[in-house]
Amino acid sequence: DAGITQSPRHKVTETGTPVTLRCHQTENHRYMYWYRQDPGHGLRLIHYSYGVKDTDKGEVSDGYSVSRSKTEDFLLTLESATSSQTSVYFCAISESGYQETQYFGPGTRLLVL
Amino acid sequence: EDKVVQSPLSLVVHEGDTVTLNCSYEVTNFRSLLWYKQEKKAPTFLFMLTSSGIEKKSGRLSSILDKKELFSILNITATQTGDSAVYLCAVFYGQNFVFGPGTRLSVLP
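Here the protein sequences line up with chains Y and E, keeping their order.
Per my numbering, the first sequence runs over residues 1 to 113.
Per my numbering, the second sequence runs over residues 1001 to 1109.
In short, the hints are calculated from the structure, not lab data.
Hints may be right or wrong, so weigh each one.
Under the rule of at most 27 Å between Cα atoms (straight-line distance), these lysine-lysine pairs were calculated in the DSS-like manner [said to hold, decoys possible]:
1. Y:K11 to E:K1041
2. E:K1041 to E:K1056
3. Y:K57 to E:K1037
4. Y:K11 to E:K1040
5. E:K1041 to Y:K57
6. E:K1037 to Y:K11
7. Y:K70 to Y:K57
8. E:K1003 to Y:K57
9. Y:K11 to Y:K70
Here are a few chain Y residues that sit away from chain E, every Cβ distance over 12 Å (derived from the structure) [unchecked claim]:
10. H41
11. Y64
12. P106
Since the structure is predicted, the reported quantities are computational estimates derived from the model, not experimental observations.
Backbone N, C-alpha and C define an ideal beta-carbon position, used for all residues, glycine too.
Bound conformation, chain E alone:
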């Protein structure tokens, strides 16, 4: 069964648009949720979330976690072509760590 689901799987927008990427999970003994950005290389860390309702922010990117509804969102405002990448959500639960399939974001000029 899929423990971490991301939506949409693919998204095409134009520069300047705002996007919201979703990550929902169904695990026991949740510990943390992480967002990564992956271009044509290794994933790079964006955010780690452990508490509900506390927004993490870095420039045009922000993320928040809802532990009651078991999901997180990643927002990107004023998108740029350099934001084109696959965005990965990962969840730590118990002693396990699982990634979602990723959302492929393409930002057109």
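Bound conformation, chain Y alone:
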């Protein structure tokens, strides 16, 4: 299995509070991605990174920000969590972008009350 960890694995928070999810990889892959997965919607890309300090928006980026200060870490922040952000969040990595397979982390289950 690719060396990808996510923390926390489960989180319950209240509406309006900030939340940061962490993705850590030991593969030294250039690309990292954040997805959310919801019933009826499949996996949807939130943001991705193609290098340290290089990030771009995905399909559902509103309400989320990301940062990547080191190759191995990609942070996803919900500045002010809303109930619509209750979801399972997956981090993924790939070596060099679209021509490479993405390997997924174990996921973080987030509940916003």
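Assemble chain E onto chain Y, guided by the hints.
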């Protein structure tokens, strides 16, 4: 609009049956199509397809891409209960990457 459509969305079969899962897409600047298997955890990679007509095979699973008709199929022969999962199709196009909704396969003993 739906860029990646999978069918059926749900399928129930018995062990030993053969199943065919479909993925059709409508995108510009297509680059690759990937199949993933997802059980009660993270998706795991099955196949990546970039060229038409070349079958990828791994054990009882195989997949092929038709870039002219814009679809791919995933075949599973002699299904086992361990094949029960959601099968996800994803397409890279331009600088974008989009997943289909998945097909939930249930294999009964």
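Each hint, compared with the structure:
Pair hint Y:K11 plus E:K1041 holds up; C-alpha atoms about 16 Å apart against a cutoff of 27 Å. Between the alpha carbons of E:K1041 and E:K1056 the distance comes to roughly 24 Å, so the proposed pair stays at or under 27 Å and holds. For the proposed pair Y:K57 and E:K1037, the alpha carbon gap of about 26 Å is at most 27 Å, so the pair holds. The hinted pair formed by Y:K11 and E:K1040 meets the criterion: a straight-line CA distance of about 18 Å does not exceed 27 Å.
Distance check on the hinted pair: E:K1041 and Y:K57 sit about 25 Å apart at the alpha-carbon level, within 27 Å; holds. Straight-line distance between C-alpha atoms of E:K1037 and Y:K11 comes to about 25 Å, which keeps the hinted pair within the 27 Å bound. With a C-alpha separation of about 19 Å, the suggested pair Y:K70 and Y:K57 falls inside the 27 Å cut-off, and the hint holds. Using a Cα cut-off of 27 Å, the hinted pair E:K1003 and Y:K57 holds, with the two alpha carbons roughly 18 Å apart.
The hinted pair formed by Y:K11 and Y:K70 meets the criterion: a straight-line CA distance of about 24 Å does not exceed 27 Å. For Y:H41, the shortest C-beta to C-beta distance to chain E comes to about 7 Å, within the 12 Å cut-off, and the non-interface label is violated. Non-interface call for Y:Y64 relative to chain E: holds, since the shortest CB-CB distance, roughly 16 Å, exceeds 12 Å. For Y:P106, the condition that its CB be more than 12 Å from all CB atoms of chain E is violated, with the nearest at approximately 5 Å.
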